[in-house]
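**Q** Build out the structure end to end from the sequences listed, making use of the hints.
Protein chains: 2
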Amino acid sequence: METTLTDLSTENCPIGRTLDVIGTTWTLRVLREAFFGVRRFVDFRERLGVSSALLTERFGLLVEHGILVRTAYEEPGQRTRYEYRLTEKGRELYPVMTALREWGERHVLDDDGPPVLVRHRECGAAVGVALVCEHGHTVGVRDVEATPGPGARLRAEQPESRS
Amino acid sequence: METTLTDLSTENCPIGRTLDVIGTTWTLRVLREAFFGVRRFVDFRERLGVSSALLTERFGLLVEHGILVRTAYEEPGQRTRYEYRLTEKGRELYPVMTALREWGERHVLDDDGPPVLVRHRECGAAVGVALVCEHGHTVGVRDVEATPGPGARLRAEQPESRS
DNA sequence: CAGTATCCCAAGCGATACTG
DNA sequence: CAGTATCGCTTGGGATACTG
Numbered sequence: 001m002e003t004t005l006t007d008l009s010t011e012n013c014p015i016g017r018t019l020d021v022i023g024t025t026w027t028l029r030v031l032r033e034a035f036f037g038v039r040r041f042v043d044f045r046e047r048l049g050v051s052s053a054l055l056t057e058r059f060g061l062l063v064e065h066g067i068l069v070r071t072a073y074e075e076p077g078q079r080t081r082y083e084y085r086l087t088e089k090g091r092e093l094y095p096v097m098t099a100l101r102e103w104g105e106r107h108v109l110d111d112d113g114p115p116v117l118v119r120h121r122e123c124g125a126a127v128g129v130a131l132v133c134e135h136g137h138t139v140g141v142r143d144v145e146a147t148p149g150p151g152a153r154l155r156a157e158q159p160e161s162r163s
Numbered sequence: 001m002e003t004t005l006t007d008l009s010t011e012n013c014p015i016g017r018t019l020d021v022i023g024t025t026w027t028l029r030v031l032r033e034a035f036f037g038v039r040r041f042v043d044f045r046e047r048l049g050v051s052s053a054l055l056t057e058r059f060g061l062l063v064e065h066g067i068l069v070r071t072a073y074e075e076p077g078q079r080t081r082y083e084y085r086l087t088e089k090g091r092e093l094y095p096v097m098t099a100l101r102e103w104g105e106r107h108v109l110d111d112d113g114p115p116v117l118v119r120h121r122e123c124g125a126a127v128g129v130a131l132v133c134e135h136g137h138t139v140g141v142r143d144v145e146a147t148p149g150p151g152a153r154l155r156a157e158q159p160e161s162r163s
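Residue numbers (the numbering used here), protein chains in the order written: chain A, 1 to 163; chain B, 1 to 163.
Note that these hints are calculated values from the structure, not bench results.
Honestly, I wouldn't trust all of these hints.
One copy or any two copies: either way a pair holds, since identical chains are not told apart in the list.
Lysine to aspartate or glutamate pairs mimicking EDC-like chemistry, simulated, CA-CA at most 20 angstroms apart [to be verified]:
#1 Lys89 x Asp110
#2 Lys89 x Glu64
#3 Lys89 x Asp111
#4 Lys89 x Asp143
#5 Lys89 x Glu74
**A** Here it is, written out as structure tokens:
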């Protein structure tokens, strides 16, 4: 009998793994602010309305995972400040943000339209994500085929559930 | 003085709104299973390893938001069964899933490679998401410009934080 | 099977106070 | 400013038992 997708373990699923890292309640909102250009601790805290303790903990995790970096900087004549910036690994989450934004703009937006317009700097057209294949074709959800890959693992046998 | 992005309220942010709907701990995993083709209550429960109570609650929310539909069906000679399927609105979350998957495959994958291969049915090439503008250009994160849109709202004044 | 109901523990998180 | 520490509430969610 052929192995189908639903025979596979979800344990090493890249979606689940990603959610383990960024899928907790405030983490993606913190990253959203980072993509907005927010850098300083207080600014994150005030914009998100969260406690210092929570923010400290989230920053710790994100730095640990290499998604943000904490750097000190001095403005002349000022105290030392710290800032949190996206790393390249963090910046690669932009498609996730964009996909979330597009869905939200389509389905859960107020009547007055999007609060932020995101456009291609060179031509001014709205930016979003598209499903594409490596040959450059635009792909619909229905045109996609999913099959077990090299990392596929069978999940532990259920004791043969008979209804 | 010009209004900048960081002056805006985050209250009506489409990313935040989307996360309010699907950003809770198990919800995206439930949807992942739905995209895998899982339909029946027990199958979701066994694959995710969650309790009935949790699953019931999540299904309730997702149906309420029009992301899943619950339908009864009868197999001849069998009891009535129920299944949960993605609606069109739910299927539109596929780019979100794909973006999460791609990031995970790049950054948090085991050495043995992806458990699932996702390919374009017609040409066999791997499928992912790409940032594009409406004029069809492929766009880099750095080529994007974000400005306040029609739904922009100023956030409540902070009492002028002076460091 | 597809849930509902109850009980209870643990994690998430805000509030507050304090520190370098 | 950029945190750390503590407290205590509230929610999330597992375990178990029961129902149509």
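**Q** Each hint: holds or not?
**A** Hint by hint, here is what the structure shows:
1. Taking the shortest Cα distances, Lys89 and Asp110 sit within 20 angstroms of each other only across copies (17 angstroms), while inside one copy they are farther apart (32 angstroms).
2. Taking CA atoms no more than 20 angstroms apart as the test, Lys89 paired with Glu64 passes inside one copy only; the shortest distance there is 12 angstroms, against 35 angstroms between copies.
3. For a Cα distance limit of 20 angstroms, the shortest separation of Lys89 from Asp111 across copies, 18 angstroms, qualifies, whereas the shortest one inside one copy, 35 angstroms, does not.
4. Taking the closest pair of Cα atoms, Lys89 and Asp143 come within 20 angstroms of each other only across two copies (17 angstroms); inside a single copy the shortest separation is 29 angstroms, beyond that limit.
5. Within a single copy, Lys89 and Glu74 get their C-alpha atoms no closer than 26 angstroms, and across copies no closer than 48 angstroms, so neither meets the 20 angstroms cut-off.
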